[in-house]
Amino acid sequence: MPKRKRGTTGDSALRREAIRKRGMRVVETYAERSCRLSTMAQHSQDSRAGETEEQRNSRLSEKAQRGQERRAEQTDEQRNSRLSAMQQHARERRLNVIEGQNHHQI
13 MPKRKRGTTG
23 DSALRREAIR
33 KRGMRVVETY
43 AERSCRLSTM
53 AQHSQDSRAG
63 ETEEQRNSRL
73 SEKAQRGQER
83 RAEQTDEQRN
93 SRLSAMQQHA
103 RERRLNVIEG
113 QNHHQI
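Residue numbers 13 to 118, in this note's numbering, belong to the letters of the sequence shown in order.
Keep in mind that a hint or two might mislead.
[To be verified] Just the calculated beta-carbon pair ranges, DEER-fashion:
| hint | residue 1 | residue 2 | range |
| --- | --- | --- | --- |
| 1 | Asp23 | Gln77 | 21 to 29 Å |
| 2 | Ala84 | Arg105 | 46 to 54 Å |
| 3 | Gln54 | Lys33 | 16 to 24 Å |
| 4 | Arg103 | Asn69 | 19 to 27 Å |
| 5 | Asn69 | Ser93 | 28 to 36 Å |
| 6 | Ala84 | Leu26 | 37 to 45 Å |
Calculated directly from the structure, the hints in this document are not laboratory data. Where a beta carbon is used, it is the ideal one built from N, C-alpha and C, also for glycine.
Kindly produce the complete structure, drawing on both the sequences and the hints.
Next comes the structure, spelled out in structure tokens:
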């Protein structure tokens, strides 16, 4: 078995960087988190703005494929949990709509 090289390899450097960023996210404030997510969203929006229809279709097709693969690999328990979360989200959304309608009637 060959000896492992000393020093930082690319993989371990990336791993350490990911751990460092994760640690920073744990202690970030609401405003910092909001700013970080806003920056990420703007970057995504900018990159999508320049894509052709073919590129867009390809990106959406790949995204759908990944979702199908992920759902195919999940256990029954994971599936039930996902569906339960979707159901709860729909309930909350309907409740918010009803509350909004009631608020406008006052």
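Each hint, compared with the structure:
A beta carbon spacing of about 26 Å between Asp23 and Gln77 agrees with the range 21 to 29 Å that was offered as a hint. Restraint check, Ala84 to Arg105: a C-beta distance of roughly 27 Å breaks the suggested window 46 to 54 Å. A beta carbon spacing of about 19 Å between Gln54 and Lys33 agrees with the range 16 to 24 Å that was offered as a hint. Separated by about 34 Å at the C-beta atoms, Arg103 and Asn69 break the suggested range of 19 to 27 Å.
Hint check: Asn69 to Ser93, Cβ distance near 31 Å, so the stated range 28 to 36 Å holds. For Ala84 paired with Leu26, a C-beta distance near 28 Å fails the hint of 37 to 45 Å.
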